[in-house]
Amino acid sequence: MFEIFGIPSNALFGQLLIGLINGSFYALLSLGLAVIFGMLNIINFSHGAQYMLGAFVAYLILQYSGLGYWPALIVAPIIVGITGMIIERTMLQWLYKLDHLYGLLLTFGLALIIEGVARNLLGSAGLPYTVPESLQGGRNLGFMFLPNYRAWVIVASLTICFGTWFVIERTRLGAYLRAATENPTLVRAFGINVPLLITLTYGFGVALAAFAGVMAAPIYNVSPQMGSELIIVVFAVVVIGGMGSILGAIVTGFGLGVIEGLTKVFFPEASNTVIFVIMAIVLLVRPAGLFGRRG
Amino acid sequence: MKKTMGLAALAVMLACGTASAQQINVKIGVLSDMSSLYADIGGPGSVAAAKMAIADFTKDHANVKVELISGDHQNKPDVGSQIANQWFDVDKVDMLIDVPNSGVALAVSEVAKQKNKIFIVSGAAASTLTGAKCNANTVHWTYDTWMLANGTGKAMVKTGGDTWFFLTADYAFGHALEADTSAVVEKNGGKIVGKVRAPLNTNDFSSFLLQAQASKAKVIGLANAGGDTINSIKQAAEFGIVKGGQKLAGLLVFSSDVNALGLQTAQGLSLTETWYWDANDTNRAWTKRWHEAGAAAGKFPTMIHAGVYAGILHYLKARLAMGPGEHDGKSVVAKMKSMPTDDVLFGKGTIDVTGRKRHDAYLFEVKKPSESKHPGDFYTLKATIPASEAFRDPKDSGCSLVSG
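Quick mapping for you: the protein sequence lines, in order, are chains A and B.
Our numbering puts the first sequence at residues 62 to 356.
Our numbering puts the second sequence at residues 494 to 897.
Honestly, the hints are just simulated from the structure, not real lab data.
Be careful, since some hints might not be right.
[Said to hold, decoys possible] Coverage of chain A stretches by chain B, computed from C-beta distances (three or more under 8 Å per stretch; other residues unrestricted):
| no. | segment |
| --- | --- |
| 1 | 74 to 83 |
| 2 | 153 to 161 |
| 3 | 204 to 210 |
| 4 | 286 to 300 |
| 5 | 324 to 332 |
| 6 | 337 to 346 |
Quick caveat: nothing in here was measured; it's all calculated off a predicted structure.
By construction, the Cβ of each residue, glycine as well, lies at the ideal position given by its N, Cα and C atoms.
Construct all of the structure, not just a fragment, from the sequences and the given hints.
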């Protein structure tokens with residue numbers, strides 16, 4: 062056991078692991094945002110509200126049908142993803158040709174509405190949701206006690222993140238999507254249904270947010286504010302990673318989770334501002350973000 | 494001639510009679526967190542409680558006319574003081590009540606002092622409001638950090654929890670609660686082995702809980718409230734903190750927090766409150782009327798809502814006793830301090846020279862799920878702390894209003 066900067070090494074490793082776990086939430090959420098912005102050029106400010114909806118739908122599924130965590134992991138993202146697709150078909154599709162600002166305003170307004178309705182229906186203190194039986198407890202790793210649920214969070218998030226990256230960057234479907242973003246008219250000429258592709262992509266990004274919400278429900282307080290607190294940090298993550306870059310969002314998400322974890326050890330009062338300080342520095346040095354492709 | 498004089502005299506007497514029963518016009522503002530973290534412990538429920546208090550008082554005193562407005566301070570001191578300034582200057586509000594969030598309450602207390610109006614704190618906790626930052630325009634009802642420290646803190650030290658680690662919300666309230674509880678722990682022979690300050694509205698406490706676990710303290714004191722407390726307790730259960738032998742002291746826990754945690758996670762938690770909806774038939778009947786006055790169904794009133802109700806009643810009693818006409822804030826508050834309080838929710842009590850309202854406090858323990866017989870049946874009463882012991886002695890407050 063040795064000390065680094067006055068902190069015992071096993072305490073530090075424990076904090077690094079916690080940082081990675083938090084980073085996986087950031088990575089999941091920023092992945093959805095990066096997919097939506099990278100593919101659709103829409104700044105989806107309602108991402109936090111959709112994350113919150115995922116958690117709420119999981120709670121409602123438990124209340125009204127008795128289905129627990131595992132079914133909710135699949136059902137809730139599908140339900141919220143469908144509402145996302147409805148939003149895209151009825152409201153967002155008219156905004157693609159306009160300035161980014163309109164998409165931002167619309168999704169911001171939607172976020173406020175969704176939060177307000179949730180607060181009216183279910184109150185602001187929060188709702189109970191417990192860790193599923195199969196994931197309760199934990200193991201002593203020697204340098205810290207790791208709850209099984211947190212280990213599951215890292216595994217699931219890494220799988221989803223790299224699965225998404227692979228589909229978009231390495232498969233034909235992903236290639237169609239990337240082509241459709243660059244030149245929709247030409248891609249349509251090849252017979253590919255571009256509007257459907259775009260709707261499904263938005264739905265997928267929203268489903269990713271809802272999936273993160275279901276993952277968060279057992280460990281974070283399920284309240285209408287849960288998304289708005291997190292979304293600002295996630296935007297910072299996406300900006301640092303580069304607004305259009307999928308890989309950038311994933312890597313930055315994990316990286317910033319670790320940095321925030323270390324800040325909580327050495328200077329805890331600053332732990333909710335350190336990410337913005339980094340964002341300011343990165344924007345000064347590399348305005349497109351660390352992995353950004355656009356000029 | 495005599496008959497006309499007699500009739501005229503009668504008419505004059507009658508006219509004098511109605512003049513003494515002149516209108517007393519009062520405007521009250523309920524300033525609370527209507528839309529975020531503290532909306533369930535204060536918020537629209539406080540407005541419902543205020544409406545009930547006004548209805549109950551004006552039913553018996555038809556010459557008092559009360560106007561009620563409400564506002565949302567969003568947990569920001571600058572928004573709170575801006576609304577307070579506008580209400581006092583432009584909207585002619587006489588008395589402002591509630592304000593959960595000690596940072597906002599301290600700011601509004603200053604505004605009330607500057608404008609010489611009245612501020613009754615029900616929602617906020619910092620004992621500094623009747624301590625170093627006291628003034629002659631502020632009354633602190635319901636509870637404060639000193640009472641919480643001496644209730645829960647003392648009880649836990651006495652039952653063997655003599656080493657403490659604090660997890661504190663990094664703002665006025667958290668600091669005050671940590672300071673007051675540290676003082677109680679050390680006075681009763683305990684030791685503080687560590688502390689960490691987390692920003693308000695932190696989502697994830699795992700990093701801080703890990704530090705608390707490493708400290709090996711017997712008690713982890715949660716000097717935070719609302720969503721922060723819920724997250725801390727939920728995540729502490731995940732990390733097996735209680736199973737590992739450490740105890741959690743929820744220094745400020747409301748029934749709405751217990752509702753959000755669920756009894757499965759919250760059972761066994763010790764907490765101190767000054768009013769509980771299910772304690773007796775009077776409180777239960779009041780709760781039923783609270784729902785009818787517009788509070789959300791499925792929610793239960795907290796001690797803060799009870800404090801808004803009782804505070805308004807006592808204020809209106811004081812105003813009635815002073816008669817019609819303009820009365821500045823300081824004189825009304827002085828009148829409130831001179832009159833003993835008595836209402837159906839808090840019983841008999843007093844307001845001391847620092848503005849601190851004194852009433853009994855209750856140490857509760859959260860029930861196991863099997864012990865709960867109906868929704869909202871959360872607490873078992875463990876001890877009653879009489880008013881004389883529950884709140885800080887004015888001599889120890891550091892308040893400038895205490896002479897000598």
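(request) Mind listing which of the numbered hints don't hold for this structure, in increasing order? (result) Of the numbered hints, 2 and 6 do not hold.
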